[in-house]
Every structure is written in structure tokens, then in C-alpha cells.
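All chains, please: the whole structure from these sequences, using the hints.
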Amino acid sequence: MTLSHFIVLSLMLCAIGVHGVLTRRNLIGILLSVEVILNGANLNFAAFAHFRASDPTAGAIFPIFVMAVSACEMAVALAIIISMYRRKRRLDVYRLEELNG
Amino acid sequence: MADSIFTHSYLLLFLPLVSFVFIGLWMARKYPKMSGEVATLMAALNTIYSIGLATAYYRQVLSHPDLFPNRTLLCFDLAWLNFSPNLTANLGIYLDPISVMMVVVITIISLMVNIYSIGYMKDDPAFGRFFALLALFTFSMLGLVVSSNILQMFVFWELVGVSSYSLIGFWYQKPSAVAASKKAFIVTRFADAFFLIGILTVSFQAQSFDFQILNLPKTIALLNHTILLGGMQVNLLTVATLLIFAGGWGKSAMFPLHIWLPDAMEGPTPVSSIIHSATMVVAGVFLTARMFPLFSEAASTMALIQFIGAFTAIFAAIIAITQRDIKRILAFSTLSQLGYMLFSLGVAKIAMAGDSAPNLNSLGYSAAMYHVFTHAFFKCMLFLGAGSLIHAVHSNDLMAMGGLKKMMPKTYWSILAACLAIAGIFPFSGFWSKDAILLAALQSGHYVTFSVGLVTGGLTAFYMFRFFFLAFHGKARSKQHDVHEDPWMTFPIVVLTIPTLGAGLLEHFFTKEVIASSLSYAEHFAHPAWLPIVASLVGFSGIGLAWTFYGHGNTEKAEEWRKRFEPVYLLIQNKFYIDEIYLFITHKIIFQGIGTPVKWVDRNIVDGVMNLCGTALHLGSKAVRLAQNGQLQLYLGVTVIGLTALLFLGR
Numbered sequence: 001m002t003l004s005h006f007i008v009l010s011l012m013l014c015a016i017g018v019h020g021v022l023t024r025r026n027l028i029g030i031l032l033s034v035e036v037i038l039n040g041a042n043l044n045f046a047a048f049a050h051f052r053a054s055d056p057t058a059g060a061i062f063p064i065f066v067m068a069v070s071a072c073e074m075a076v077a078l079a080i081i082i083s084m085y086r087r088k089r090r091l092d093v094y095r096l097e098e099l100n101g
Numbered sequence: 001m002a003d004s005i006f007t008h009s010y011l012l013l014f015l016p017l018v019s020f021v022f023i024g025l026w027m028a029r030k031y032p033k034m035s036g037e038v039a040t041l042m043a044a045l046n047t048i049y050s051i052g053l054a055t056a057y058y059r060q061v062l063s064h065p066d067l068f069p070n071r072t073l074l075c076f077d078l079a080w081l082n083f084s085p086n087l088t089a090n091l092g093i094y095l096d097p098i099s100v101m102m103v104v105v106i107t108i109i110s111l112m113v114n115i116y117s118i119g120y121m122k123d124d125p126a127f128g129r130f131f132a133l134l135a136l137f138t139f140s141m142l143g144l145v146v147s148s149n150i151l152q153m154f155v156f157w158e159l160v161g162v163s164s165y166s167l168i169g170f171w172y173q174k175p176s177a178v179a180a181s182k183k184a185f186i187v188t189r190f191a192d193a194f195f196l197i198g199i200l201t202v203s204f205q206a207q208s209f210d211f212q213i214l215n216l217p218k219t220i221a222l223l224n225h226t227i228l229l230g231g232m233q234v235n236l237l238t239v240a241t242l243l244i245f246a247g248g249w250g251k252s253a254m255f256p257l258h259i260w261l262p263d264a265m266e267g268p269t270p271v272s273s274i275i276h277s278a279t280m281v282v283a284g285v286f287l288t289a290r291m292f293p294l295f296s297e298a299a300s301t302m303a304l305i306q307f308i309g310a311f312t313a314i315f316a317a318i319i320a321i322t323q324r325d326i327k328r329i330l331a332f333s334t335l336s337q338l339g340y341m342l343f344s345l346g347v348a349k350i351a352m353a354g355d356s357a358p359n360l361n362s363l364g365y366s367a368a369m370y371h372v373f374t375h376a377f378f379k380c381m382l383f384l385g386a387g388s389l390i391h392a393v394h395s396n397d398l399m400a401m402g403g404l405k406k407m408m409p410k411t412y413w414s415i416l417a418a419c420l421a422i423a424g425i426f427p428f429s430g431f432w433s434k435d436a437i438l439l440a441a442l443q444s445g446h447y448v449t450f451s452v453g454l455v456t457g458g459l460t461a462f463y464m465f466r467f468f469f470l471a472f473h474g475k476a477r478s479k480q481h482d483v484h485e486d487p488w489m490t491f492p493i494v495v496l497t498i499p500t501l502g503a504g505l506l507e508h509f510f511t512k513e514v515i516a517s518s519l520s521y522a523e524h525f526a527h528p529a530w531l532p533i534v535a536s537l538v539g540f541s542g543i544g545l546a547w548t549f550y551g552h553g554n555t556e557k558a559e560e561w562r563k564r565f566e567p568v569y570l571l572i573q574n575k576f577y578i579d580e581i582y583l584f585i586t587h588k589i590i591f592q593g594i595g596t597p598v599k600w601v602d603r604n605i606v607d608g609v610m611n612l613c614g615t616a617l618h619l620g621s622k623a624v625r626l627a628q629n630g631q632l633q634l635y636l637g638v639t640v641i642g643l644t645a646l647l648f649l650g651r
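From first to last, the protein sequence lines are chains A and B.
1 is the number of the first residue of the first sequence in our numbering; add one for each residue after it.
1 is the number of the first residue of the second sequence in our numbering; add one for each residue after it.
Warning: the hint list may mix true and false statements.
To be verified - Pair by pair, the computed Cβ-Cβ distance ranges are:
#1 B:A627 <-> A:G29: 20 to 30 Å
#2 A:E98 <-> B:F190: 55 to 65 Å
#3 B:V601 <-> A:A77: 50 to 60 Å
#4 A:A60 <-> B:R651: 25 to 35 Å
#5 B:A627 <-> A:Y85: 53 to 63 Å
#6 B:L617 <-> A:T2: 55 to 65 Å
#7 B:D602 <-> A:E98: 38 to 48 Å
#8 B:I590 <-> A:E98: 53 to 63 Å
#9 A:E98 <-> B:T586: 28 to 38 Å
#10 B:L617 <-> A:G29: 55 to 65 Å
#11 A:L9 <-> B:R651: 51 to 61 Å
#12 A:E97 <-> B:V178: 52 to 62 Å
#13 B:L25 <-> A:A77: 24 to 34 Å
Stated by the list, open to error - The following residues of chain B were derived to be distant from chain A, with all beta-carbon distances above 12 Å:
#14 I321
#15 A400
#16 I533
#17 E556
#18 F565
#19 D607
#20 L612
#21 G630
#22 T639
#23 V640
Hints in this document: simulated from the structure, not taken from any laboratory.
Please read these numbers as outputs of a predicted model, since none were measured by experiment.
Ideal Cβ placement from N, Cα and C applies to all residues, glycine included.
So, in C-alpha cells, the structure goes:
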């Protein structure tokens with residue numbers, strides 16, 4: 001297993017995530033896809049830290065930060081989504097277009 | 001004791017200010033009926049205080065020429081505006097002979113007017129507001145006369161303008177009162193703009209606002225040089241003094257800025273009385289006197305002051321003959337008397353220290369101040385008396401009066417004294433001050449001014465007695481039968497006869513004390529014995545003429561003469577159509593000729609350009625708004641594409 005394998009895997013994860021963000025109609029699905037993109041990025045960090053860095057722990061800490069921050073973001077995003085669901089009774093992004101100009 | 005009266009001299013301004021705030025903010029609403037008494041009480045306190053101040057001033061300052069060679073006292077001084085380290089405007093109370101005199105006159109007149117107003121304004125719904133404004137007016141005028149520097153004076157000068165505005169327009173339900181108050185304010189404000197420029201010019205040169213410094217020979221020397229103004233060589237001293245005098249020109253309503261004064265009669269009569277006797281209109285004379293050392297060095301300005309004064313004196317007297325509204329007669333009479341004061345100042349000359357000019361004549365100065373003093377009392381009383389007459393017959397029209405002698409005996413005798421005083425009949429106060437003014441004009445060698453003054457004296461006697469005979473003699477032309485004298489109103493009228501009769505005794509005191517230096521005029525010029533006789537003869541002939549025309553209270557004889565000179569009469573009665581000329585200039589030339597094209601340019605071109613910019617922005621934003629459809633995934637897609645593009649571009 002070399003660095004290239006991990007890069008390809010993380011690229012695939014990222015692409016899947018982007019595809020999911022752009023095509024899913026459900027807000028929860030979009031949220032999950034964002035997580036997948038972040039995981040791709042995390043994997044990249046960890047892989048580079050493992051193979052290239054002189055001190056691997058520095059690279060390993062980064063994914064932990066990303067996870068912590070994304071957990072917070074998710075909490076906020078979920079709160080917004082829940083309140084939106086309570087108001088609209090649906091989570092279809094095609095229908096949620098109040099923010100147009 | 002005497003020192004503490006100077007230390008607490010701020011009380012002089014504090015009492016009327018408290019009266020204004022207290023009555024205006026609280027009492028006028030809660031206890032309107034009591035505000036008259038409270039205002040009068042405060043005015044009485046202030047009068048007592050000012051008389052105490054004057055006595056202390058006399059004892060401490062005037063009686064010790066070795067300690068106070070300039071006879072001035074700066075008894076309160078506080079740094080106020082610090083423009084730069086060497087230019088500070090202070091707030092101070094400055095006492096010199098003329099300001100002490102004015103303080104005493106203003107407080108006494110204000111007290112009398114307050115007492116009178118309790119009776120006169122009894123049934124007015126805005127009773128409280130009237131007294132509050134009267135207190136504000138007194139406060140502003142007192143502040144004006146005791147100001148230690150010209151900037152402070154200007155502040156109070158404008159306050160006088162504002163309070164007179166609100167008092168002239170006191171009955172704001174009447175459109176004519178509103179128009180009159182606006183006219184008074186705008187005309188005087190127009191003149192004040194020049195005054196302010198003058199203040200800036202002089203203060204910039206002298207690097208000070210203090211009168212004590214502005215009047216020094218040093219300042220005059222600084223100002224006395226030629227400058228280029230609009231392609232013309234002019235003397236800066238002349239320009240600066242003319243600009244400053246312009247302020248007084250408007251406030252004292254000299255020709256051609258006199259138009260606001262007759263209209264100001266729209267205010268309640270006590271207001272007319274206080275404006276015309278001790279305040280507002282004498283402010284211009286006072287300003288000229290205050291800056292006199294500076295003015296007297298500018299020969300052209302002095303000549304102009306003399307000319308304007310003399311012209312206004314005779315011009316207003318001629319108009320007064322034909323008026324039927326009694327308050328307007330008195331208003332034009334005030335104009336005429338102010339003309340006297342100004343031309344008297346115009347002929348005066350004060351020698352600066354170390355300079356012994358041959359035509360030294362300080363008599364004009366003291367005579368002008370003396371006339372301010374005597375005029376204040378009898379003019380105040382005349383207006384108060386006119387107010388009583390109006391109150392009695394419910395009309396301003398002379399033709400609606402007549403035969404009031406029996407019904408109002410106290411007013412009758414008091415007004416007779418005032419009319420004799422203004423006509424300059426011995427031994428009433430006006431005789432002495434007018435005689436002094438005529439003497440000053442004669443001694444300075446201005447014979448034209450002197451003869452104008454003499455003729456005006458005759459005209460004054462004529463129109464005052466025309467008013468007097470038509471109002472009091474003959475048969476009653478009014479239908480009012482329940483005419484009576486209100487004690488609140490009669491009391492001040494009767495009290496004011498005392499100075500009207502007795503102020504003549506003070507002549508010697510005035511000529512000796514009001515002028516700081518140079519008492520030498522008495523040796524240079526002898527008082528010609530024929531002058532008082534001639535002046536009295538002119539006065540008596542005026543009265544005699546009035547008697548032949550109107551003596552029995554009827555107007556048939558006068559009617560005949562009026563018919564004979566119909567066009568001239570109409571010209572004079574319409575005040576030489578000066579208001580119409582002003583209206584023509586403002587409406588036809590300024591509003592229509594200049595205003596309308598300017599308005600078109602503003603509305604169409606200036607506004608058009610601005611609207612075009614606005615419209616362009618609006619359209620642009622509309623286009624941008626189309627891209628914002630609120631579709632979350634479109635935004636995300638664009639973001640991803642954009643990021644990818646950036647990634648490749650960065651390579």
C-alpha cells in the first residue's frame with residue numbers, strides 16, 4: 001500500500017461527496033455527503049502525515065480537529081434542518097428557495 | 001457689600017432667565033394665572049438689583065477716577081470659546097456708563113411692561129407663554145448691553161431677534177402677525193449677516209473679541225489701511241465699521257430696512273412698548289455707541305450714519321403724519337427718534353488718547369445716549385397708553401376714538417406729558433435731550449443735519465398732537481360705552497410720568513458722566529441762547545398747527561387739505577410704496593426672474609443626473625437578482641466549478 005492508493009481513495013470519496021451534494025434532493029442527504037467530502041480530506045491528511053511527514057503525530061492531529069469542528073457544524077446544521085422541517089414539513093431543497101433575491 | 005454686588009452681577013441675567021425657564025416650562029401650563037405675578041416679582045427683584053448695581057457702580061467706579069480712569073469695570077469674566085491660544089471669547093459682564101444706564105432703563109421698563117401686561121393680557125389664553133417670552137426678551141437685551149465682547153454681544157443680539165420674533169408673532173393664529181414676525185426676523189437677520197462678517201473682519205485683525213481691545217487706537221491703526229475689494233481700493237476700517245453698523249442698521253430699522261418696524265405692531269401692545277422703548281430697536285444705537293472709538297475714526301462711516309439718521313428722522317416723521325393706526329403713528333415716531341439718536345452719534349467725535357483733534361465734539365455721543373434714556377420712558381408710556389386706548393375702544397383706528405378724555409382721565413394727563421416730552425417742550429425730558437442733540441449737530445458744523453433735526457421736531461409735535469387731539473378731544477366716535485381704566489394698566493402709565501417729567505434734571509449728569517474723557521467741549525463751544533427758544537417755537541408751532549386742524553376732535557379742516565394734496569397724501573400714507581418696491585424686487589425679480597430658471601435647472605438637470613445614476617444602479621441590481629434563485633444546489637455547483645477553475649488557473 002503506497003501513498004497513491006490512499007490519494008485515489010480519498011479522491012473517490014471526495015468525488016462521491018461532491019456528487020451527492022449536487023444531486024441529492026434531501027437536505028439530510030446533502031449533509032451526509034458533506035461529511036463524506038470531509039472524510040476524503042481527512043484521509044488525505046492522515047496519509048500524507050504517515051508517509052511523508054517527519055513527525056506523523058502533527059498530521060494525525062489535523063483530522064481530529066476537522067472531525068471536532070465538523071461535529072459542531074453538523075449540530076448547528078441539524079438544528080436548522082429540524083426547525084425548517086417543523087415549519088415546512090418537507091426537506092426538498094428544490095422547494096426551499098426563500099433566499100432568492 | 002458693594003463688592004459682592006459686582007461679584008454677583010450674573011444675577012442680572014440669571015433672574016430673567018430663571019423667570020423664563022420656570023414660567024415657560026412649568027408654570028405656564030400648571031398655573032397660567034399666576035405666571036404674571038411671578039414674572040412681575042422677578043422683574044421687580046431685577047430692577048432693585050440693577051438699581052443697586054448702578055448705585056454701587058457710581059460709588060465705586062465713577063467716584064474714584066484715580067482707580068478707574070476708563071470708568072469701566074469687568075465684574076465677571078469666564079473663558080468660553082478657546083479658538084486658539086491667543087484668541088479666546090469670554091463670557092463677561094462689562095460695566096461702563098452706557099451699559100449701566102441701559103441696564104437700569106431696561107429693568108425699569110421691563111417691570112412696568114410686566115405690570116401693565118397683567119391687565120392687558122388678562123383674557124389671553126396664552127397668558128403664561130407671554131410672560132415667559134417677555135422674560136426671555138429682557139434677558140437677551142440685558143445680555144446684549146452688558147456683553148464684554150462682540151461675539152457674546154452677537155449671541156444675545158440674535159437672542160433678541162428670536163425673542164422679538166416669537167413676541168411679534170405671539171398671536172400666531174393671525175396670518176398678519178405671522179407675516180410680521182417673519183418680516184422682522186428676516187430683515188434683521190439679513191443685516192446681521194453683514195454684522196457677523198464685520199465681527200470676523202475686526203476680530204481677525206485685532207486678534208481679540210473684547211470691546212476694550214477693539215476700541216484701542218492700536219486696533220484702529222491695524223485696520224486703517226487700504227485693501228483691494230472687488231477691484232476697488234477701499235479702507236479696511238471703513239469697510240469693517242460699515243459691516244458692523246449694518247447690524248445696527250437692521251435692528252434699529254433705519255431706512256431702507258425700516259419696513260419691519262411698522263408691521264411689528266401686530267404683536268401685543270406691551271410687546272411694541274418694550275421693543276420700541278428700551279430694547280431691540282435701540283440695540284443699533286447702542287452698538288454704535290459701544291464701538292464708538294472705532295467708528296469715529298472712520299469718517300465715511302460716520303458721515304453715512306449721520307445721513308441715514310437724519311434722513312430716517314424726517315422720512316418717518318412725514319409718514320407718521322398721515323397714519324390712522326395709532327400704533328403705527330408711534331412706530332414711525334420711534335423710527336424718527338432713533339434717527340435723532342443716530343445722527344447725533346454721527347456728528348460726534350471722541351479724541352483718542354494723546355490726540356487733540358480740533359473738531360472735538362463728544363456732546364453728540366452723550367446727547368444720543370441721553371436721548372435713548374429719556375425716549376425710553378416716554379415712548380414706553382405712549383405705547384402703554386395707546387394699548388389702553390385700544391383696549392377701551394377695541395380698535396387701532398384713530399377715527400374710531402375721540403372724546404376719551406372724560407373716560408380715561410389718568411391716561412389723558414399722562415399721555416399729555418409724554419406728547420409734550422416727545423415734542424420737546426420745556427421742562428419735559430424730551431426738551432433737554434433733543435436740545436442737546438440739536439446743539440451737538442450745530443456745534444459740529446453740520447447745518448443741514450441740524451435743520452433737518454429742527455424741522456423733524458416740528459413735525460413730531462404736529463403728528464403727536466394730531467394723535468392726541470383726535471384720540472381724546474371732541475365727540476366720541478366709538479360705540480363703546482363701558483370704557484374704563486384697568487388699575488394694572490393705569491399704574492405703570494402714571495408711574496412713567498415721573499421720569500417723563502424729571503429725567504431732564506439728569507442732563508448735567510449725563511454730559512458729565514457718560515463720556516469717559518474730554519470734557520473740554522464746554523469751553524470750546526458756547527451754548528447759543530437762541531437754540532432752545534427756536535426749538536421750542538418750532539415745537540409750539542407744530543402743536544398749534546395740530547390744534548387748528550384737529551383741536552376740537554373733528555377732521556373737516558384736515559379733510560379739505562387732504563383733498564387738495566390727494567396724490568402726495570396717498571404717496572405718504574402708503575409709506576412711499578417702499579414695501580411695494582421690496583415686494584417687486586423680491587417677487588418679480590428675485591423669485592420669478594432668478595428663482596424660476598434656477599428651480600428649473602435644479603429640478604431637471606441636477607435632479608435628472610442624480611436620478612439617472614439611481615436608475616442605472618436599480619437596473620443593474622435587477623439583473624444581478626436574476627442569478628439568485630435560492631436553489632441551494634445551483635450555488636454549490638457554481639462553488640465547486642469555481643474552485644476547480646481556480647485550482648487549474650493557479651497552476
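Outcome of the hint check:
Roughly 25 Å separates the CB atoms of A627 of chain B and G29 of chain A, a value that falls within the hinted 20 to 30 Å. Checking the proposed 55 to 65 Å range against E98 of chain A and F190 of chain B shows it holds: the Cβ atoms sit about 60 Å from each other. Remark: the range hint 50 to 60 Å for V601 of chain B to A77 of chain A is upheld by a beta-carbon distance near 58 Å. Here the CB-CB span from A60 of chain A to R651 of chain B is close to 29 Å, well matched to the stated 25 to 35 Å.
The given range of 53 to 63 Å is broken by A627 of chain B and Y85 of chain A, whose C-beta atoms sit roughly 28 Å from each other. Separated by about 57 Å at the C-beta atoms, L617 of chain B and T2 of chain A satisfy the suggested range of 55 to 65 Å. For the hinted restraint 38 to 48 Å between D602 of chain B and E98 of chain A, the CB-CB distance of approximately 43 Å keeps it satisfied. For I590 of chain B and E98 of chain A, the hinted distance range of 53 to 63 Å is satisfied, since their beta carbons lie about 57 Å from each other.
Range check, E98 of chain A to T586 of chain B: about 59 Å between beta-carbon atoms, so the 28 to 38 Å window is missed. A C-beta distance of roughly 40 Å is found between L617 of chain B and G29 of chain A, which places it outside the suggested range of 55 to 65 Å. The hint said 51 to 61 Å for the Cβ distance between L9 of chain A and R651 of chain B, and at roughly 24 Å that hint is violated. Distance hint check: the CB atoms of E97 of chain A and V178 of chain B are about 59 Å apart, consistent with the given range 52 to 62 Å.
Between L25 of chain B and A77 of chain A the C-beta distance comes to about 59 Å, which lies outside the given range of 24 to 34 Å. The beta carbon of I321 of chain B sits about 78 Å from the closest Cβ of chain A, which is more than 12 Å, so the claim that it is off the interface holds. Every CB of chain A is more than 12 Å from the CB of A400 of chain B (nearest about 75 Å), matching its label as outside the interface. A cut-off of 12 Å between C-beta atoms confirms that I533 of chain B is not in contact with chain A; the least separation is 96 Å.
For E556 of chain B, the shortest C-beta to C-beta distance to chain A comes to about 88 Å, beyond the 12 Å cut-off, and the non-interface label holds. Distance to chain A confirms F565 of chain B as a non-interface residue, since its nearest Cβ pair spans about 82 Å, more than 12 Å. Distance to chain A confirms D607 of chain B as a non-interface residue, since its nearest Cβ pair spans about 29 Å, more than 12 Å. Listed as a non-interface residue, L612 of chain B keeps its Cβ farther than 12 Å from every Cβ of chain A; the least gap is roughly 23 Å.
Distance check for G630 of chain B against chain A: the nearest CB is about 3 Å away, which does not clear 12 Å, and the non-interface claim fails. Look at T639 of chain B: its CB is around 10 Å from the nearest CB on chain A, not clear of 12 Å, so calling it non-interface is violated. Not every Cβ of chain A is farther than 12 Å from the Cβ of V640 of chain B; the closest lies at roughly 6 Å, contradicting the non-interface assignment.
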